[in-house]
Amino acid sequence: MPSENTIIEGALRAARIVSIPVRRPDWVDPSFWAYPLNQTKTRPVPAASSWLDYLTVRPSRAGGLAPEGYSAVIKGFVATSEADPAVSGIRYRFMLGGRLLPAQEFGITDAIERHVQRNDTYPWPAFHRRTFIQVSNNQLLTLQVRNTSGAEAVAIAGLYGWFYPNLGTLGKGGQEDGNDGFQGLEDDGR
Amino acid sequence: MADNSDHKRRVLLSEAIIRQKAQPTRVVSPDAVDRGYWQGSTPSVPRHMRMPYADDRIPIVPTAEREPESDDPQTPGWVNTNCPPWVCPPFWSVSVDLKYLICLPFYEQTQLIGCYVVPQDHVLVVRNISYEALNAAQGDVFRFEFYIDSSFVMAIEDKVVDATAPNPAHKYALAGHTRMLQTHLVVDRNRTLCVRGILNGVVNFEGVSVHAPGDPIITGDCTFDIHMQGFLANLRENIDGGPRPTDLGDGDGEFLELTQEYGGYHE
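Chains as they are written, first to last, in the numbering used here: chain A, 1 to 190; chain B, 1 to 267.
Next comes chain A alone, as it looks inside the complex (with noise of 0.2 Å):
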């Protein structure tokens, strides 16, 4: 039997060996399977205009970005007018899974959107906004649009953040490190 001390120092030494990989989940950092999400789209808004869906944000349909398995989050946003946000009437609002988000519907007011008082007098390029919007791999993000003047105004939007794959449909576990691989395949079942 070995000793006390080396029981003690296979203990301390199993212990140092270990190496954890300590990683944020994607939703907060993007990893190497990420995908980036960056529309933009800068076009004339017609007068009195009703709801019309600017930019679409759909991980893994069809004419989406990424591939199947893929959800997105929205880190940043920017949803802004060409002109005086205080006269162009422009409205947005977000409409996840064809509901809208709760206080996601919003006017432009001008200090604010545009960022102009950030130790710049120039108010172009816009600044983003934060936010935080998970789109799940089967659901549909839209930012609408509308417009409630009576005149054309142009309308300048963009979404920001990444595609990531799901956790549940591609294994993560066993592709970052090989302590709960197949530990975690017997908890699903497959």
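Wrong hints could be hidden among the right ones.
To be verified - Examples of chain B residues toward chain A, derived with CB under 10 Å: (1) Ala-32; (2) Met-180; (3) His-184.
Claimed, not checked - Over the 10 Å line for every Cβ pair with chain B, so calculated as not near, a few chain A residues: (4) Pro-30; (5) Gly-98; (6) Arg-99; (7) Arg-146.
What the hints assert, rightly or not - A few chain B residues that face chain A, going by a derived Cβ cut-off under 8 Å, partial list only: (8) Ala-16; (9) Val-141; (10) Ala-165; (11) Ala-175; (12) Arg-179; (13) Val-208.
Just so you know, these hints were derived from the structure itself, not from any lab. All C-beta atoms in this analysis are idealised placements derived from N, C-alpha and C, irrespective of residue type, glycine included.
Let chain A serve as the given structure and place chain B on it in line with the hints.
Using the frame of chain A, we list chain B on its own:
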């Protein structure tokens, strides 16, 4: 299975406790006192040579840093936290600022702006993008398309909102050289990143331009360029060029044997 291993662990633990109780009380040696006193600092007294473990099979790497002569600090263990290269630039990564500039003389005509082939031993991470379309007039819409190995990745559409701004960084709505557009574009080794550009001109809501393909640009300028900032993260061992599992950590040297099998750390 679990019950059996748990039983073994209990037996080992109980035997260790019994053995410890059977031993006489330990007397703290002056060496231990000295070692505790100098723990964590550079010893100026005679050094205590490191006692090898009974099962010490750490391979000696001639090119790597030598092991310390004195005792390790009495830390019970630690965890390697590796920030992957596509999140944090590694120490040996190379900052890149790709600039591609072409003359785009016509509206509604897609043109290749530039391509970059990622080296075999690096992964390219693009973090920020900015651009200029100096040949565009006020209100013109332009678009950049990004391709990796000919596969479409993403597109950016922007517009000239202030053609009179003296600084080209302030002419466009969504990005400029002073406020770059943030992205997360990872291009693996041996892959080719290409950027194409098109100047649409004034468009309606559906994106239909007033210009026909091939209409000449009349602003007189002929500059269309894109800037991509990021870094090239190295994927190979910096010492001898052997492949290195960058995401696995160094395992305190325990992976060296494995690395040797795959061609790294040749003596």
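Problem set entry | Numbered hints the structure breaks, given as an ascending list | 1, 4 and 13
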